[in-house]
Every structure is written in structure tokens, then in C-alpha cells.
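K.L.:
As a plain string of letters, each chain reads:
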Amino acid sequence: MVMENQASNEGSALRILDATKSFPAPDNVARNVALNATTLSVAAGEFISIIGPSGCGKSTLLRLIAGLDVPDSGELWVGNDRITGPSAERGLVFQDPNLFPWLTVSRNIQSGLVARGLLQRKRPEVDEFIRLVGLEKFAHAYPHHLSGGMAQRTALARALINHPRVLLLDEPLGALDAFTRMRMQDEVLRLWQARRTTMLLVTHDIDEAIYMADRIVVMTPHPGRVERTITVSLDRPRQRNSPEFLRLRGEILDLLHLTGNAGESANGKSGKNGLLEPEPAAQSL
Amino acid sequence: MLPIGQHPVSAVPQIAKEQLENPALNPPAAPGARWQTLLSVPAATLVTLAIHLCLPNNEPANEAGLYSRFLAGVLAVAILADGVQFLWSGLKRWMRNMCPIFAAAILTLCGWELITGVLHWLPLPYFPAPGAVLQSMVDDRALLLDCTWHSLVLLLSGYVLGVLIALVTGVCIGWSSHMRYWGMPVLKVVGPIPATAWIPLAMVLSPSAVFSSIILIALAVWFPVTMLTVSGIANTRASYLDVARTLGASRWYLIFRVAIPAAMPNIFVGLFMGLGTSFLTLVVAETVGVKSGLGWYVSWAQGWAEYGKVFAALIIMAAFFSTIMTVLFKVRDRVLGWQKGIIKW
Ligand SMILES: Nc1ncnc2c1ncn2[C@@H]1O[C@H](COP(=O)(O)OP(=O)(O)OP(=O)(O)O)[C@@H](O)[C@H]1O
Ligand SMILES: [Mg+2]
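In order, the protein sequences belong to chains V and P. Here the first sequence is numbered in my numbering, starting from 14 and rising by one per residue. Here the second sequence is numbered in my numbering, starting from 53 and rising by one per residue.
No lab work stands behind these hints: they were computed from the structure. Quick caveat, the model's predicted, so the values are computed rather than measured. Just so it is clear, CB atoms sit at the ideal spot from N, CA and C, and this is done for glycine as well. Hints should not be assumed to be uniformly reliable.
Stretch by stretch, here's where chain V covers chain P in the computed footprint (C-beta under 8 Å, at least three residues) [unchecked claim]:
| hint | segment |
| --- | --- |
| 1 | 290 to 298 |
| 2 | 302 to 309 |
| 3 | 313 to 327 |
Using the sequences and the hints given, assemble the complete structure.
P.N.:
Here it is, written out as C-alpha cells:
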């Protein structure tokens, strides 16, 4: 089991102020606005889930926070520092595992330590993280040999070993079977609780969003923006089949359905019981 | 980054290698045919030997049955190998694969002898029979060995020098757009000139023929290796670099631990192409400049109209170059083991 003992690296707060990012549209004339004037604040150590249909700018938002892309306008802040480029403080697990094909699983997982010159000091952690993601038997295999789920777990371990203050997860559990997925969810939660890392998890799975998050950010496309944020005030550890969980799940489905078909208000009972509290998108903490 | 087209040749060595190893493309002989396979080499050797001994041919008097003894030796080794192959499965597999090739090679010798020594279809001092070539090879072995050694030293010095310079220039031009702006025009203008075209200039400028030959070989290697290194580095998948950046990679790490490994398959294509051009340049440089080496030996023997020696040197050259090629293949398999997914410990 991985290490709660190394203290340090508490999570950092994030502030995204009016960030806009556009790309050249395929016709090369118009601009495709991937993220439109988005404002979002995340408290230090908060767990955020981001849900929304394909193409609504979830990955774009994470890349901006990671510092891999620069917004057209607006600002991003982590703690008291403006984000100007990538840093090991902000880890990102990509939608594709993107393992280095020339390195074995264990060397892929080490690569963050090697890059920062910490391998000598932290070598024992490599084995701990290999065990965490259950790849002991494949430690010396090349990515070529891994299934999609194994590759994703390797990518997760590679980001976790750096103990970032902010961890950005772009559907990292998407390719896993239901059982492994639930186990990895609990491991991620355990790491989060142990280190109070700030987490942003993109997912298409509403159950996963509710199970993991303090707050759920719902995004919509054309242009990509934050539609609303929903605070999940269930006690942890959460029961996936508790009545409150299921009720919240139904309400979010209704809400997504609503946002998907503007004007239609089939089941407008949100917020009635206090579990679901829709908030304005530009809410600040 | 400026997109640089993947070189069309880039897949060639891989494909060649896969075809060699892919059992579907290279089916093992049917089990029933196995004893025929094993007997093919002794049978071919016997036929060749019989033709050599029985048909009238005008052997040089001093041959003293050398060729017959050579064939008898081959026959003995073939029969011995057939006898012991049951004991060692590696040898068995190798023989099952290689026997038809060896048999064909020996039959080629037989055909050569028929055409030259027996039927006299080809004019004589220019096309000696295999026996005469073998005799020349044995008679002149000391000089041939010395020439092979000189060729090896010259080739390796030039090749290693060229590769080292090419890797440095290739990585610089591939990585930095500033370097690319100034470097690419030079590469595009100077690179395609065949290295051998510089020979007149090199002879004037350089104090020693050996030194100028090394420079020419290095130049011949430099262009393809640089070109493919540039294309490999510049085409490194952006997502690998992104991942490394979010892991806290320095520029050093991005270049040496991400871009260069990602470019390795391309770099090896360049190394193979460079090896080809270096062989060519070596032989030409030895022919016109350096007074040693296999290239020099061929033209020297030709000057004395000793065509047996010419053929002997050509055979040695073939073995020499293909051995070096094989070594590079082995190195590639080791370095690029991750591509095939072979686990190496
Ligand atoms: N590098 C890029 N070049 C051009 N357009 C891009 C680029 N990256 C993203 N886009 C566009 O921006 C929009 C948002 O993309 P993004 O990848 O952020 O979506 P997403 O919410 O992550 O979708 P998914 O759930 O399918 O991963 C899309 O319309 C996409 O076409
Ligand atoms: Mg995405």
C-alpha cells in the first residue's frame, strides 16, 4: 500500500478567470471556440468531477491548467502563482495513456523521478506504485504488451509518483473493467485523502462523478463552457447504492437531460431536498 | 515544428527483417520433405564434384586439386552436419532453413564451372573457373587479409566519424527551429552531392589519401543519417513531449530521454542507408587514392590481368560488407527491442 507518510505537497487552490481558448476550425476560416470565458475556482484539496458531452472542452480545460496550452484570453492561477507553463506540481493523466513505448512499465513509472533527478532517493516508491496499480507481473514488459486498461493504470501510476499538488485526470479509468475501476476509484480517493491533493477528474460516468467528487462541474459544448456546478454533500465513504446516492444520480441525469434540451422542464425538482444544489456557473468560493 | 516528411525508405529494413522472421511468409519445409532438405547439400556437392573431376576442363596446372579438395571438404562437413543435427535442435532448425540455400549456392558454382571451364562460353582471361579463383584466393591470402584489414579500418573510421557528426547536426536541426532555418538549406544543397564527387577537391586539399578518404566516407554517411535524424526528432509525437513536461522534464530530458529514443527507428534507417553509401565511397576512394584495401586490390589485380584475383577480392568484399550489415542488424534488434515487444533482461 502506498505511503501516507511522506507529508508535504498539500493541494493548491486553483482559480480560472475568464479563460477562453479557441482553435482554427477545420475550414480554416472561423475559429472553433473550445472553451468560452470560463471561470472556476477550486479550493485547495477539493475533489472536482467534470462531466459533459464529447467536445465540450474538458480536455482543453485540463491542458490549460497543466500549462501545456496558453489561453487566448483570461488567467489561470495556482495558489498565488500565475500558470505560465507545465510543472511537476500539476500532474496530468491524459485521455490516451501515452506511455513511452521504448521504456518498460517500471521505467515509465519512474520517468517522473528520473526527470526531476529524484530516482536515487525515491526508488522504493516505484515498486509501491507498481503494486498499487497491480502490475507486478508486467513491471518489465514494454507498453506494446499491455492491454488498454493496464496501460491506463501505468499512466496513472506515472503521474501519482510525482505527488503533484494538483492532479488532473482525463478519464483515467475509462478502459477499466467495473471491478478494477471501483478498486482504482477507492485507491485514488485514499491517495487524495492522505495527501489532500487538489483533484480534477474528467469522467463520462455519473456514478463515478458522484462517488468521487465534492463538486461536479457540468460543461456544455458550442461553445465549451461551464453550465453549472453541483455540490455533492454526501458523507464519505459513500455507498453507491444508498437511497441518497441514487436520488442524486437521478437528479443529475434529469439535469443533463434538461441542459441537453433547453426549454424542456420535465422533472424540475432539483435542489428540493438539499442534496442537489445547482449553482450559477460563475460562482466563486 | 516544421513538418518534415517521413522518409519513404524508413520502413524498408523493418519489412525486410519481418519477412525473414514471419513464419507465414517463410513457411518451414513440410515434415515429409525434411530428409530431402538434409540431403540436398551433399547431393549438390557430389554433382559439382563429379562434373569437376569427370568433364574435361583446362585447369591451370598449379591448381593441384585444390578445388576438388574444397568440394570434398564441403561434402564432409555437410554429411557430418546431417549426422549430428539430431542432437541439437538449434542446428536442426538452422539447417532446415539454410540447406536449400547452400545447395543452390553450390549448384551455382557448378553452373559457373560449366559455363567457364567446360563449355567456354565466356572469354578466358576475364572469366576464370571457380577453381582458379579459389587458387588465387589461397595464393594471395596474406595480401588479401591485409587489404581487408585496411578496408575495415578505413570504413569504420569514416563511418563512426560521419555518424557522430550526423547525430549532433541531426539532433540540433531537428530540435531547434532556429538551427533548422540555417541548417536545412545547407543540408539540402550540400547533402545530395555524392561524396565521390568531392574526390578531386579532397586530393588537392588533404595532405594524405587516407585522411581524405576518411573524410569522404564520413561525408557520405553524414547526409542520410542527418536527414533521417532530423525527420525522426522533428516528428516526435507531441503528446510524448507533453507528458514529459507535466512530469517535470528539463529540456535535457526532453531531448535525450524523449526525442532521441522516439527518433531511434528513423535513425537506424539512416544508419543503414549511410552504410550503403559508405561501402560505395570506400571502394571508389581506395581505387583512386589510397594504395591499400580491397578496392585498390581489385583494380591492381585487373591491371595485371589477374582476373582470378579480381573475383577472389569481390567474393571477400561481398562477405565483408554483408558481415558488417549483419552486425548493424543485430545492434538494431537490440536497441529497438521495444518495437517488437521482446522482453530483454
Ligand atoms: N489541438 C486542437 N486543434 C484543433 N481543435 C481542437 C484541438 N483540441 C481540441 N480542439 C477542439 O476543441 C473542442 C473541445 O475539445 P476537447 O478535447 O477539449 O473536448 P472534450 O470535452 O475533452 O471531449 P471528449 O469527451 O470527447 O474527450 C473540440 O471541438 C475539438 O475539436
Ligand atoms: Mg477529452
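K.L.:
If a hint holds in the structure, say so; if it does not, say that too.
P.N.:
Structure-based check of each hint:
1. Coverage of the segment 290 to 298 of chain P by chain V holds in this model, with 7 residues showing a Cβ closer than 8 Å to a Cβ of that chain against a need of three.
2. Counting residues of the segment 302 to 309 of chain P whose beta carbon lies closer than 8 Å to any beta carbon of chain V gives 3, which meets the minimum of three for the stated coverage.
3. By the rule of at least three residues with a Cβ nearer than 8 Å to a Cβ of chain V, the coverage given for the segment 313 to 327 of chain P holds, with 3 such residues.
Every hint, counting from the list given before, is met by this structure.
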